[in-house]
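Protein chains in written order, with our numbering: chain A, 1 to 109; chain B, 1 to 508.
Since the hints were derived computationally from the structure, they do not count as laboratory data. For glycine and all other residues, C-beta sits at the position ideal for the given N, C-alpha and C. Please note that the accuracy of each hint is not assured.
[What the hints assert, rightly or not] In silico DSSO-like links for lysine-lysine, alpha-carbon gap of 30 Å or less:
| # | chain 1 | residue 1 | chain 2 | residue 2 |
| --- | --- | --- | --- | --- |
| 1 | A | Lys41 | B | Lys117 |
| 2 | B | Lys139 | B | Lys84 |
| 3 | B | Lys225 | B | Lys167 |
| 4 | A | Lys32 | B | Lys167 |
| 5 | B | Lys282 | B | Lys117 |
| 6 | B | Lys244 | B | Lys408 |
| 7 | B | Lys345 | B | Lys313 |
| 8 | B | Lys392 | B | Lys373 |
| 9 | B | Lys274 | B | Lys467 |
| 10 | B | Lys392 | B | Lys407 |
| 11 | B | Lys373 | B | Lys459 |
| 12 | B | Lys117 | A | Lys80 |
| 13 | A | Lys32 | B | Lys175 |
| 14 | B | Lys263 | B | Lys313 |
| 15 | A | Lys32 | B | Lys173 |
| 16 | B | Lys117 | A | Lys32 |
| 17 | A | Lys32 | B | Lys263 |
| 18 | B | Lys176 | B | Lys99 |
[To be verified] To give an idea of the interface, some chain B residues facing chain A are shown, with a C-beta separation under 8 Å as derived from the structure:
| # | residue |
| --- | --- |
| 19 | Ala108 |
| 20 | Met119 |
| 21 | Gly120 |
| 22 | Asp121 |
| 23 | Lys125 |
| 24 | Ile129 |
This is what each chain is made of:
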Amino acid sequence: MVKTNKKKAVKKSSPAAERWELRLYIAGNTPKSMTALENLKRYCEEHLRGLYSLEVIDLLIQPQLAAGDQILAIPTLVRKVPVPIRKIIGDLSNEERVLVGLNLRPLKK
Amino acid sequence: MAKTKALLTLDNPTSLMIPKVKTGIKGFEEISYGGLPRGRTTLISGSSGSGKTIFSCQFLAAGILQFDEPGVFITFEESVEDLKNNVKSFGWDIDKFEKNNKWLFVDASVSFNNETKVMGDYDLKALLIRIESAISKVKAKRVVLDSIGSLFHYFQDPSIIRRELFKVLSTLKRKKLVILITSERLEEYGVVSRFGVEEYIADNVLILRNVLENEKRRRTIEILKYRGSLHSMGEQSFVIDPQKGIEIIPLTRLQLTQNSSEKRVSSGNPPLDKMCGGGFFKDSIILVSGATGTGKTLMVTEFIKGGFENGEKVLFVAYEESREQLIRNAKGWGVDFPKMEKAGKLLIKAVYPESASLEEHLLRIQLMVEEWKPTRFALDSLTAIERGSSKKNFREFLIALTSFLKKKEVLAIFTSTSSNIVGGTSVTDSHISTITDSIILLRYAELYGNIHRVITVLKMRGSLHTKNIFEFDIDANGMHIGHKQFDRMSGILGGLPFVSDRNEEEKE
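Take these sequences, add in the hints, and give me the full structure.
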């Protein structure tokens with residue numbers, strides 16, 4: 001299992017390109033949360049390598065953070081930047097739909 | 001009253017009850033036999049504008065103000081700001097409650113935009129975490145979820161939401177909270193809730209309605225389901241008072257348990273007292289029925305005079321004439337209303353009947369009786385107030401009013417106008433004749449080309465009374481009931497008397 005507490009994976013390269021700030025809300029190491037995290041990391045590495053920062057918030061540890069982004073469901077992915085904010089609820093298992101939902105054009109296809 | 005012994009179990013519902021918590025909403029404890037149970041979920045379903053959110057807010061506010069039970073309000077639809085503004089007028093200072101750590105909002109209002117998408121499996125753990133942390137923060141005893149319909153909209157898959165809500169509610173139930181959830185319905189009479197699943201996750205179901213009846217809005221509350229408990233059946237009227245919020249008028253829970261008094265007091269007219277066998281009973285309800293101009297308002301005026309002379313306080317609610325008119329009329333019959341008012345013995349309220357619903361009229365009367373504490377009450381006329389209300393609604397109003405007056409041991413007189421100038425009965429009479437204790441008929445009778453006024457006591461519960469019909473005159477000193485009874489005539493109540501044969505023969 002991956003360590004999930006507020007894990008940041010920031011990689012810097014090509015500063016001219018658009019930066020992405022993503023936040024994933026989970027609640028403990030449940031299968032759904034882990035699936036979502038693994039899926040998300042895979043998509044980011046494939047399509048946004050070096051252009052994104054990912055913050056994982058575990059609400060079991062920091063319950064007070066759920067109010068800020070109006071989170072009701074777990075797991076929820078929030079795209080903070082670029083604006084507008086978008087939210088995707090679920091385990092993110094359908095890659096194509098997630099990319100459409102994030103409005104992210106695949107780098108390689 | 002000996003004849004009103006109901007079934008023992010219904011008289012004493014506490015024996016069949018699960019432990020309940022008083023809501024603090026006026027009238028709700030009566031219709032629910034004690035309030036809402038702890039550790040259970042109650043769903044309030046209603047069309048838009050039926051008062052769900054007001055009920056919910058009042059439930060929390062009353063909990064804080066009356067029982068020191070903190071509450072958490074989870075809003076799925078309106079923003080916290082909107083909510084506060086909407087209920088501001090009711091005098092619940094939510095800001096203060098929040099400051100004192102008695103009330104906490106969980107803002108789960110979800111916006112309907114395209115920026116949120118659902119992909120794959122999820123649960124509502126985040127919501128539960130937020131609710132739980134709010135509950136432990138204020139040590140809440142009451143929780144409101146308003147309204148869960150938004151969740152179904154937002155997440156679209158009802159089966160997942162149903163499963164998840166069930167989990168959330170189970171957790172809250174284990175904490176022994178009183179849980180209220182609201183949900184919309186589209187029709188006043190139809191399926192219980194919009195998504196058809198809300199009622200299955202709740203132990204109890206209340207329905208609020210805002211029904212159009214004879215061009216008037218009437219609000220009702222119905223307890224549809226109450227697991228493991230007795231409750232009253234059917235719709236109960238309620239009003240939303242702009243200052244106090246929801247007040248339910250529990251009609252079906254009224255019981256005929258009033259004491260009945262043997263003491264008699266004067267009607268204000270000695271001959272009439274004699275006709276009634278010595279005056280009116282102290283806590284009885286008297287109906288005066290007659291066509292227009294027969295002297296009903298005069299009889300009310302004399303009734304007030306009788307009360308004043310007896311040192312009693314009289315409340316007079318008039319729906320037909322203005323204050324000034326009433327004072328002038330009374331003066332014409334030698335009765336000085338302003339003097340009585342100055343002495344603090346008379347309160348005249350002239351109200352336009354259409355200015356409020358029957359429920360509101362009832363509450364106003366109740367409030368005045370409770371605050372001013374009169375021992376006599378006069379209402380002129382029922383016919384005016386019946387205008388524009390349904391038969392059922394009017395009957396409920398009357399039952400509630402009469403049983404309230406009896407409970408307060410107030411002697412009351414109502415007038416009712418018959419539709420025909422001569423003879424006949426009015427619709428109102430048939431409604432209320434069983435509710436009132438005494439009925440006095442005033443009628444016109446035509447005899448040899450002249451109109452005569454006649455009076456008779458039709459009914460006098462628990463007492464002897466004369467069955468004769470007397471003629472009476474009206475002059476500057478009021479009503480004069482003659483000694484001469486119409487014993488030679490028949491058909492007087494029909495309005496067209498004729499000299500009866502029997503008497504004719506005797507006469508000869």
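| query | Does the structure keep A/Lys32 and B/Lys167 at a Cα separation of 30 Å or less? | reply | Between A/Lys32 and B/Lys167 the Cα gap is close to 17 Å, so the pair holds against 30 Å.
| task | Could you grab the alpha-carbon distance between B/Lys117 and A/Lys32 and see if it respects the 30 Å cut-off? | result | At roughly 16 Å apart (the allowed maximum being 30 Å), A/Lys32 and B/Lys117 satisfy the hint.
| Can the restraint linking B/Lys176 and B/Lys99 be considered satisfied, given a maximum Cα separation of 30 Å? | holds, 25 Å
| said: Next item in the hint list is B/Met119. Is there a CB on chain A closer than 8 Å to its CB? | reply: Holds: closest Cβ of chain A sits about 4 Å from B/Met119, inside 8 Å.
| For the pair supplied as a hint, B/Lys392 and B/Lys407, is the alpha-carbon distance within the 30 Å limit? | holds, 22 Å
| 30 Å limit on alpha-carbon distance, applied to hinted pair B/Lys244 and B/Lys408 | holds, 23 Å
| field | Holds or violated: B/Lys282 to B/Lys117, with C-alpha atoms at most 30 Å apart | value | violated, 72 Å
| task | For the pair supplied as a hint, B/Lys345 and B/Lys313, confirm whether the alpha-carbon distance does not exceed 30 Å. | result | holds, 4 Å
| message | So, as I understand it, the hint says B/Asp121 touches chain A; can you test that by seeing if any CB pair is closer than 8 Å? | response | holds, 5 Å
| query | Holds or violated: are the alpha carbons of A/Lys32 and B/Lys173 at most 30 Å from each other? | reply | The hint holds at about 26 Å.
| field | Agreement of A/Lys32 and B/Lys175 with the hint, judged by alpha carbon distance not exceeding 30 Å | value | Judged against 30 Å, a Cα distance of about 27 Å means the pair holds.
| said: Given the hinted pair B/Lys117 and A/Lys80, is their Cα-Cα distance within 30 Å? | reply: With a Cα-Cα distance of about 15 Å, the restraint between B/Lys117 and A/Lys80 holds, given a limit of 30 Å.
This entry does not satisfy hints 5 and 17, going by the numbered hints stated previously.
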